[in-house]
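J.: Same order as they appear, the protein sequences are chains B and G. The first sequence lines up with residues 1 to 462 when you count with the numbering used here. The second sequence lines up with residues 1001 to 1323 when you count with the numbering used here.
It is worth saying that the hints were derived from the structure and are not from the lab. A quick note: this is a predicted structure, and the numbers were derived from the prediction, not measured. Worth double-checking, as some hints may not be accurate.
[Said to hold, decoys possible] A few chain G residues facing chain B, derived, Cβ under 7 Å:
| id | residue |
| --- | --- |
| 1 | Ala1194 |
| 2 | Arg1232 |
| 3 | Glu1282 |
| 4 | Gly1285 |
| 5 | Arg1289 |
| 6 | Tyr1292 |
| 7 | Leu1293 |
| 8 | Arg1296 |
| 9 | Met1311 |
We put the CB at the ideal spot given by N, CA and C, even for glycine.
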Amino acid sequence: MRARAATKALLVAACTGLAAPAAAQIRLTDIAARAGVDHVVRNSETPERYQIEPMIAGVALFDYDNDGRLDIYFCNGATIPGLEKSDARFWNRLYRNKGGLEFEDVTGRAGVAGGGYSMGVAAGDYDRDGWTDLYVTGVNRNLLYRNRGDGTFEDVTLSAGVAGELAGRGKVWSVGAGWIDYDNDGDLDLLVVNYCVWSPAMEKRCGALVDGYRTYCHPDRYDPLPNILYRNDGKGAFSDVSAETGIGAHLGKGMGVAFADYDSDGWPDVFVANDAWRNFLFRNRGDGRFEETGLQAGIAYIDDGRPVSGMGVDFQDYDGDGRPDVFLTALSNETFPLFRNEGNGMFRDETFGSRLGGQSLAWGGWSTGMVDLDNDGHLDLFVAGGHVQTNEELYTGRSSRQPNRVFRNLGDGTFQDVSRECGQDFQQTGLHRGAAFGDLDADAKVLDGGHAASCSGKRRSP
Amino acid sequence: MSRPERPERAAFWPRERAAFRGAWTLGLWLVTWAAPGAGQPPEDDPCRELRQARSLIRAGDLPAARRSLETCVGTNPLSAEGWLTLGLVHFAERHFDPAAAALEKSLELDPAQPQAFKMLGRVHAARSNPALAERAFVEAGRLAPQDAEARYLLGRLHQSEGRLVEAARFLKEAVALDPSSVRAHAFLGSVSYALGDESLAQESFLRAVSLNRTAPTPDAIPHLEYGIYLQRADRLEESVAELRRAAQLDDSSVEARFELGRSLRRLGRLKEASEVLREALERDGTAARVHYLLGRVCYEQGDRVCGDEHMKLAETQRGRTAR
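Next comes chain G alone, as it looks inside the complex (with noise of 0.2 Å):
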């Protein structure tokens, strides 16, 4: 039996913190996926559009490619990877229902997939159901139980669901079968802390963050993931360096600049502090977080206006989701 679903109070690794992560990371790994020689269609496979689509994908042009996607399988319905391509790019457009109901298509035309159930697990998690994700992730593993990923998946499920034990133990999967997973390793940094074994979080984030600067494509989560521990730790003008790494690799990250300025709040750098989340603010001006920091950076900068005013927003925002 799988694991059942259940509210969870607040965590270590709210939910929120995977939304504001999503967009970027969705795309970076659609890209990757959809680079020339990155598992190309079968040869035999009947839809012919998908190579196009996949030229579209990484131009970046998603709404083309889904049509043609979507041309591909009202031609030819029976084609696992049309479905799964389109489910890819419904997902990536965040058209979470459609994405699965193209998934599930794919899987009930070739139910050995372990690339379809990761993307259908992906899913739902981003639709908020932790048990359907969980179930599609291990089956990804008992399919390839060589593949790293569907491990690392795994463990970032349990970690934000807080079990951050079965967290642990995949994530130590993951990088056993994958050494060069910087993500893996970042995480298992992230959730050792959690668990209170410094050792292997200080050995994880230097692991992560070494492999990242000779990744072809440098990924911001090592750097965010380290800046917050460092934070966490104290070592503050650390943080700060790995919190800036981490937004310069990352423009859209309204999570690192928030990091950021916790840190320079911190050390009492208000004036940066406030730049800083001002930025993110500019990226995503619905953060409850963030305006209910610089309110605070902007009392602590005597400047009580700006202050009431972030707190009012802070507070109206909050109002709008659940608390």
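Next comes chain B alone, as it looks inside the complex (with noise of 0.2 Å):
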């Protein structure tokens, strides 16, 4: 386990037959070793418990060389506590899609095997030339990789004064990012969401004394961060404007990020998911700033007034009513909470009444995607699966390693558990983190960073 990665991605097939207006039987194949999409992530899990070890294998689909076809970035680990990808087994790997579902591993010509302990990405053409671009998060190094358009990245980090820095502090966790124009100017600014406060030589002793049992701790134990927004300037370089924003000034330990109009004023908002803190939802207002709006909005807890261990984010409209929602994952005992939006600037934790409560209170989740999985019109919900700890076996008797789960939006604003349906290969258990969606192969059917797949084209009866 030490040696092989303690997390997995994944590519997976929902297999819908063609678009269709009735609801289709969501099948779901493993078929990365059929693709040749062998990367296996590499946490470097040790006996210490370093807290970044759950916590990586970021994952995003994009066609990076515009054949129309979407390729797969993986990120990866490295060294503890060095935080080195000393070999080629640490690099974070970039797969062409070269069509037919089959892939060719491209990293070091691309120039994108990363640097330091990698956790989440983010593709966008921030330079607007067309081309797709990464930003690569991670512990120790934040990475802007510039799309040059021939097959080739270049590392324009510094150039481009993204490194992930805050002032008096140096470069700290981050662990997702997301590309917005925040500023509606055209151009692509990037949020980069912090973790908490951490180095290997600072980390904590956590769980019982006897061998084995060590854990991670629990986020308490670390303080927390703010998070950073890059205004671009269209030039090719960016600010760091998180204080004038307002983005700045909140503590938090951000895993996930969103954005969506929640509030229909024409300026896109931030939903920032906390680990065991409250949430963040940052309203745009439109003239440079943000207000963080999460308590007034119903937003920061869930409904009992608590925070949950905040993880993977989606924000959109699952009950079609024309306004996003935001749906996003925890541990096991806490919940996936889902909130409406009321349209009115609040939301109505809706976990419970749309049966989601019930279902997934005993499963881990981490990466989320609210998509169309069976392409009924209604948004699905996938949730990568996992418990946080490698050893829970030994505390609960429940196992650490958890299958993916699949909700399907019966559209009446309830939710199933469908995952049992899923077939055979997504029932496999891991300790699942990063998950993506897109249509790999172009025959509408949606596929998430997971397990590579392929389509049985089963169908429900209409």
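Put the two chains together into one complex, using the hints given.
T.: This is how it looks when you write it as structure tokens:
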């Protein structure tokens, strides 16, 4: 286990047949090996249980060579405590989609092996040259890779000024990032989500004082950090506008980020899922500043007033009322909260009203997506599953390794856990973390960053 | 080896719920324990103040009972019963360290007391030391294999630590040993629900509520647990009825009023929600979650000033305790 990765990135296909209004059965098949996607995430799990170990394995689907097919980028770990990619096993990986659900590893050629202990990735064309670029977050290195358009990337982190450093503190542990045109000036700005104050030298000891019983510490044991907003100047460089926009004024333990215009004022807003800390909803005022409205909007905590271990998040309209809602994942015994946008600046916790509460209580969730897996016009929920601890069995008898989950949107405001109906491959347990969604073989079926997939094309009777 | 302790992430049954319930639960238990005929002190116990102390406990005068017991064990330091009773009173007064010391002394004198082990386990649990609590409860169960309460306490301990499978096992053993145990049924319902066993959850809750109707001293807990279950199942009107009953039965309960406020708010009955949440704050003005919920209700009523005030209080109180 230690030599191998504690986490696993996957590619899964939702096999729905052709796009059709009637709900199709969701079938997910692991085609990673067949597709040539042999990447293994290496987090360097140690007996010391460094806090960074369970947090990695971000993945992105994007078309880096503009051939019309989605390619895959995986983040990877590094040595601990050195935090260096000492050899190619720790490289981040770029797989080029050759078509026909076949991929080739082009990491070395493209020059995107990364550096340090990587966490997450965001893809976007920040320089508007028509080629999608990559921003990679990490514990000790954040990287901006500019896509040259010739199959290679150049590291422009320093010249662009997006190293993920805080004044007086230097580089901090970044988990996620997202591209957002917050000022509506036509180019992509960058929001970087930071987790907590951490270094290998300051790691704490948690869990029982018995060999093998050491655990990853609760985030309460670490100090929070502000997030960073970089404004794109349109000429290849960014400036840190965290202070003047108000983003940097709020300390949290950010894991996930998603953007949507929740108040329909034409300005994109920001939701940050925090780990065991209240969530942030940054309302974009349209004047270059954000107002943190999580408490007023009723989304800072779940309905019973407690914070959850916020992990992944998506910010889309699950109930078809035209207003973006928030779904986030959390850990076992917490539920996966769903907040419905009421349209008056407030959200309503529909976790139990949607039937998600009882169905998600037992599971730990990480990356997530609201995505129409059965092409019925309603957004379903995909959750990468796994416990945060890797020795959970010793404490509770429950397995640390969990299967992923799919909750089917029944179209009436409720969801049904259909994971068991998604095929044998989908029952695989693991310490799943990253997920991304897209149509890898351009057949109108959705795929996610998980096991590679092929389709059985089975459908329910109409 | 007993199960080791570890810090737990937020659990379905967070510790504050136990704290919400502590005083009322213990007070009732202690009075029941000290009731005439409910296990009188051994005739040969050298401590003459025991009977007087029990009377004082029944009368609710715990400081006087404690003083009497301190005299008792001062003059009769070999009185295991005296130390046990002193430990109980200290615990009821939330003096956990002297409670543990008195109970350990009692067990030193007589190690075959399941009652003392159970109480020591409660003290350790209150001191947030679940590993020691578990050890004490296990020992109580070993000494009294047919004791349903020892199983119940183990079940509750596992439940509060998020170990639901073990919790269900012990709670099932508890109801098998004592089918009339209202609380064991109620918590088995909650654990079963958390484990996804809706059928057993419903059956257990109904059993608990039914037993409670005929109990000489009706208990708020089954109504509270069932009310929360109904709330989560979106059966809000039924939930309101159960939670109101819980609040009636336990006038000090902040939790019953908090959960009642949640159900009323979800029903859109904001005025009633506001009233019941204010009642909760009258009982505990430091309850951050209640301030948060009341703040939300205020916003929904269009009262921004009230909303901001309670949100601020919620964050202030939250900042004073571990997140």
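J.: Each hint needs a verdict: does it hold in this structure or not?
T.: These are the hints, each one checked on the structure:
| no. | hint | verdict |
| --- | --- | --- |
| 1 | Ala1194 | holds, 6 Å |
| 2 | Arg1232 | holds, 4 Å |
| 3 | Glu1282 | violated, 18 Å |
| 4 | Gly1285 | violated, 15 Å |
| 5 | Arg1289 | holds, 3 Å |
| 6 | Tyr1292 | holds, 4 Å |
| 7 | Leu1293 | holds, 6 Å |
| 8 | Arg1296 | holds, 5 Å |
| 9 | Met1311 | holds, 5 Å |
Hint compliance for this structure: hints 3 and 4 are broken, all remaining hints hold.
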